[in-house]
Amino acid sequence: MARLFLFIVFGLLSYPISARAEEGQASAITEVPAAATHTVSFDKEIKPILNRSCVQCHGRGKARGGFKIDSRETLLAGGENGPVLEIGKSQSSRLIRLVAGVEKDEVMPPDGERLTPEKVGLLRAWIDQGLEWEEGFSFGRFKEAPLSPHRPEIPVAEARGSTNPIDRFLEPYFESHDVQPREPVSDRVFARRVYLDVTGLLPTPEELEAFLRDPDPNKRDKLVDSLLERNQAYAEHWMSFWNDALRNDFAGTGYIDGGRKQISAWLYQALKSNLPYDEFVAQLIHPVTGSEGFIKGIVWRGVVNSSQTPEMQAAQNVSQVFLGINLKCASCHDSFISNWKLEDAYNLASAFAPKPLGIFRCDTATGATATAKFLYSELGSIPADAGREIRLARLAEILTSEKNGRLTRTIVNRLWTRFHGRGLVEPVDEMDNDPWHPDLLDWLAVDLAESGYDLKHAIRLMLTSRAYQLPSVSLDLLHQQDYVFEGPAVRRLSSEQFRDALAAVVDVWPATPATDIQVSEDPSAPGRVRAWHLKADPLAVAMGRPNREQVVTHRASLATTLEILELTNGQTLSEILKQGAAELLASGSATPEEITRHVFRSALGREPTPEEWALASELLGEQAKEEGVQDLLWAVAMLPEFQLIY
Amino acid sequence: MKRIGWSRRDFLKSASAATLGALGAGFPRAIAAPSNPKATADTLIVLWMGGGMAHTETFDPKRHTPFESGLEANAVLSTFPAIDTVVDNIKLSEGLEKIAKVIDRATLVRTYQAGDLGFILHSRHQYQWHTGYAPPQTVAAPHIGAVIARTLGPLNPDVPAFIDIGQRLDVGEGEELKAFHQAGFLGSEYGPFLVPYPDDVRSVRPPEGMTPSRFENRHKFYKRLAEASPIGEFGGDFQKESLVRSMDNAHRLLSSPASKAFDLALEPKEKFDVYNTGRFGLGCLLARRLVEVGARFIEVTSEYEPFKMWDTHENGHTRLVDMKQLIDAPIAQLVLDLEERGLLDRTLIVLASEFSRDMLVEGKPDNPVKNQVEVPAIMTELKHYGMHRHFTDAGSVLMFGGGVKKGFLYGETAEERPCKILDKPVTIEDLHATMYTAMGISPALAYEVEKRPFYVTRDALGKPVRDLFA
Chain A
-19 MARLFLFIVF GLLSYPISAR AEEGQASAIT EVPAAATHTV SFDKEIKPIL
31 NRSCVQCHGR GKARGGFKID SRETLLAGGE NGPVLEIGKS QSSRLIRLVA
81 GVEKDEVMPP DGERLTPEKV GLLRAWIDQG LEWEEGFSFG RFKEAPLSPH
131 RPEIPVAEAR GSTNPIDRFL EPYFESHDVQ PREPVSDRVF ARRVYLDVTG
181 LLPTPEELEA FLRDPDPNKR DKLVDSLLER NQAYAEHWMS FWNDALRNDF
231 AGTGYIDGGR KQISAWLYQA LKSNLPYDEF VAQLIHPVTG SEGFIKGIVW
281 RGVVNSSQTP EMQAAQNVSQ VFLGINLKCA SCHDSFISNW KLEDAYNLAS
331 AFAPKPLGIF RCDTATGATA TAKFLYSELG SIPADAGREI RLARLAEILT
381 SEKNGRLTRT IVNRLWTRFH GRGLVEPVDE MDNDPWHPDL LDWLAVDLAE
431 SGYDLKHAIR LMLTSRAYQL PSVSLDLLHQ QDYVFEGPAV RRLSSEQFRD
481 ALAAVVDVWP ATPATDIQVS EDPSAPGRVR AWHLKADPLA VAMGRPNREQ
531 VVTHRASLAT TLEILELTNG QTLSEILKQG AAELLASGSA TPEEITRHVF
581 RSALGREPTP EEWALASELL GEQAKEEGVQ DLLWAVAMLP EFQLIY
Chain B
109 MKRIGWSRRD FLKSASAATL GALGAGFPRA IAAPSNPKAT ADTLIVLWMG
159 GGMAHTETFD PKRHTPFESG LEANAVLSTF PAIDTVVDNI KLSEGLEKIA
209 KVIDRATLVR TYQAGDLGFI LHSRHQYQWH TGYAPPQTVA APHIGAVIAR
259 TLGPLNPDVP AFIDIGQRLD VGEGEELKAF HQAGFLGSEY GPFLVPYPDD
309 VRSVRPPEGM TPSRFENRHK FYKRLAEASP IGEFGGDFQK ESLVRSMDNA
359 HRLLSSPASK AFDLALEPKE KFDVYNTGRF GLGCLLARRL VEVGARFIEV
409 TSEYEPFKMW DTHENGHTRL VDMKQLIDAP IAQLVLDLEE RGLLDRTLIV
459 LASEFSRDML VEGKPDNPVK NQVEVPAIMT ELKHYGMHRH FTDAGSVLMF
509 GGGVKKGFLY GETAEERPCK ILDKPVTIED LHATMYTAMG ISPALAYEVE
559 KRPFYVTRDA LGKPVRDLFA
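Chains A and B are the protein sequences, given in the same order.
Okay, so the first sequence: first residue is -19 according to this note's numbering, each after it adds one.
Okay, so the second sequence: first residue is 109 according to this note's numbering, each after it adds one.
FYI, nobody ran anything at the bench for these hints, they're computed from the structure.
Please read these numbers as outputs of a predicted model, since none were measured by experiment.
Where a beta carbon is used, it is the ideal one built from N, C-alpha and C, also for glycine.
Check each hint, because a few of them may be wrong.
Stated by the list, open to error - Covered, in the sense of this in silico footprint (three residues per stretch, anywhere, with C-beta under 8 Å from a C-beta of chain B), are these stretches of chain A:
hint	stretch
1	233 to 241
2	259 to 273
3	279 to 286
4	305 to 311
5	536 to 547
Said to hold, decoys possible - From the structure, some residues in chain B lie toward chain A, with a derived Cβ separation under 8 Å:
hint	residue
6	Phe188
7	Ile191
8	Asn197
9	Ile198
10	Thr246
11	Pro315
12	Arg322
13	Tyr330
14	Leu333
15	Phe346
16	Met355
17	Leu362
18	Ser364
19	Asn384
20	Lys513
Work out the full structure: start from the sequences and follow the hints.
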């Protein structure tokens, strides 16, 4: 590497960061800057300063000069030379004088970037305003979620006689959070939800009718079961989720010169056969034929940052996807946002490497060499001297062992998020954060392991719960600080769900899939080409199908203007509407009434209201023409009622 | 300065929609930068010479050696003679006569220092140029246009904040191009509005075959249908409202007076003809029209496609005759038109390329990389005559307007091979810092992603080149 810190992976607070003193700061400072005049926030304004400039020497277990800022108490206690501050007296505080640079011979931090006068002013105000501290917060060590599985008792549900364990956990929760019981959604709304969540498709009018007519009191459970048995539809729906997470695609950076390998065929079979989740993960880490692509990563030609070698990519992606751990920071230097150290990242990466990796800090060799090791040594060790095959096999074994509660918690949280629009833990890739219901998370995780890592078992449990069947909650409530679960969020159809739903309404499906995967086992009925199986086109991208160069574990659920522009005048949709209208008009006796009725029933699962009848009739006129039918299809497809999962 | 066609009220309306758009995305929040500089420009136009524009053949001419069979490759620094410009100390390469006439409005940087990414790959250098970060990255780095769109918002809410003109994404290496033609972690709200063919107004017109009146009726029908829809009984109104609002935004964008800017047919014929040197020229015309109605960030590219345009692996001299013809007239006219309209002072134009080229050196003289093309030591055919290797140790960046100096030359390169930087190198961090500073954005501005700060210049290291500002 020719230059120091040349390829520092994206804006990390790479230390030692080269000094970037602002112009003019070099001249001698004699006075402490004025205190900020507003009420400062510990969380938003103070924490970042201390994190960036102080904790390297005075936190995370270090106490240079006997001074550590782990807690408010240790901060007040000061160091070898006594207290460094007194509440209310920032002007004379030694801490302030040192960071302001007014002491002749000493300045803090001693290396790297100095504090700006604004930042010193914030610290002054913080001291003067009483040294606010977040309860329980420590710079000593970041909070970590428990690793072991934990099986809480399922509460006895009294008030409402819930049987589903999820509901039995939630009943006391609702009680204590003052959430009033609400009636579950109607059969129609329920059916739409479960069809979309299990198969990614809307129920056809016939399927919906049959379900609505079924008098069986257990028909909702029966429907969930029968949908989960549709292995092909299930697999086709879940391909998109896993393609995002495992950054698998049919085209993209790296494929051009063999620097990347698809896992599409393996993934499809794994989902279709409902491969137990522990084996699913194991086969991605210790590959079988067809699953090599995930840990292979993306091999770039040329020089890449040492934190982005294929082995480091594997360590980062395995941790993120399967364990909800962010190793990206620790791939460059000891993390500032978690307890993970540079060594941890390199040790894990070494399991994937031909030989132990030399450790680089911020792209500069440290001279140290890593030893293949899993992040949690309590789960088991990897024979570091063994060949790669053996190391990978062992890593897969440790990571998927029953003792690893983090594996199961992470995946059940992802499933919960899919169905409810918000996780038990958020963000879903930061599993050290507090769940809003720890027992429920723990129990779901243990239950998954006990079911033999049967994902469909966990899905069935979630979809048959009353919790899932509660009326939906507006998305804007999800991001509030004191989130309380009251029901699933209103979600938006994914790019693929939208495309498939529209294709089903007009029964026109794309001609050419992106791979030669046989989705159907019946050669005489090769099956329809669904949206997941297409190369990304402008419509798919506009509607949120990600560029799969990085791991993506959630998609945005609000429409953007650029997306709607594509829906309004994009060629892809325009073609779909043209073909669809032609198809509808060609199919038998296509009167305006029949077309209107068909579109509403198949797209919205209901008959038009009298007002809608009138509007459609005005649009289509006496005799339906292609243009009118296209516009009707378009308008219905743009309706919130069509695009939202409510 | 005059721009037409929008009001502050419209702006507020659209801003709130963008805020809502961000809400669902697990949106990154801005982390306060030390302080934002005072903007000297409201609009940024990047003129992208994708493929590697040789500095010695364009804006930094060296000793000219005409072709003859048996010529030693090492003897050739420039395949074109130098020409005078309206500024005494600035010479350009033959073929840029029209730009030479407006160079008194320009700041010319001759010491752009491209990154050392090892193996030369256009796509990686282009990614780095457009995001400030060399790929791969652990999060999807946003394009500078997306950063500007996110930070400043649209100048006119009826004009997309980030417009990308001329690059098709279905050409060779299209996948690599897609990787940075995006808003990345900032969210697709801030992504590029792509206009691959500047003279094709379809991107801002109703779908093909739809008359304006049908388009209008379709939207009206939709609005009435949405109002009549019984969804109100389910869930909150939040998403419903945001969807309908986005529909209105999109519709307004397609039917507003500003959208006429996209229609090049409305341009007087003589003016159209001046610009019409090809897709790039028309892209410049479109850019000018968009600046007039309030665009925020526009990139016009001569287009990158492997082995085409500036990507000369053979026949470099011959090809560059055409390339210069493609860019000379439209760029000069763009400058003059913006000046005439009083818009040049607040519009920064930056012409750049991912790296330069040389006849012999691949990479840098002191850090050579694998040769990607065979170059004979003795030339026997005209096709050997040209800059066919990728050179990263100098490059030219031409700037106009937006607060930079006029008729100003910055930096010096060697007169002999390797024609490398002698002083004042400008890295991508510093170039971006200069552009952001002109736009009133601190180079140390950061957005938070995965609890980490992502700085708009790598590690907040970018420093504006103060000398360039007037």
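So, going through the hints one by one against the coordinates:
no., hint, verdict
1, 233 to 241, "holds (count 3)"
2, 259 to 273, "violated (count 0)"
3, 279 to 286, "holds (count 6)"
4, 305 to 311, "holds (count 4)"
5, 536 to 547, "holds (count 11)"
6, Phe188, "31 Å, violated"
7, Ile191, "36 Å, violated"
8, Asn197, "28 Å, violated"
9, Ile198, "29 Å, violated"
10, Thr246, "4 Å, holds"
11, Pro315, "4 Å, holds"
12, Arg322, "7 Å, holds"
13, Tyr330, "4 Å, holds"
14, Leu333, "5 Å, holds"
15, Phe346, "4 Å, holds"
16, Met355, "6 Å, holds"
17, Leu362, "6 Å, holds"
18, Ser364, "13 Å, violated"
19, Asn384, "25 Å, violated"
20, Lys513, "19 Å, violated"
Checked against the numbered hints above, the structure violates hints 2, 6, 7, 8, 9, 18, 19 and 20; every other hint is satisfied.
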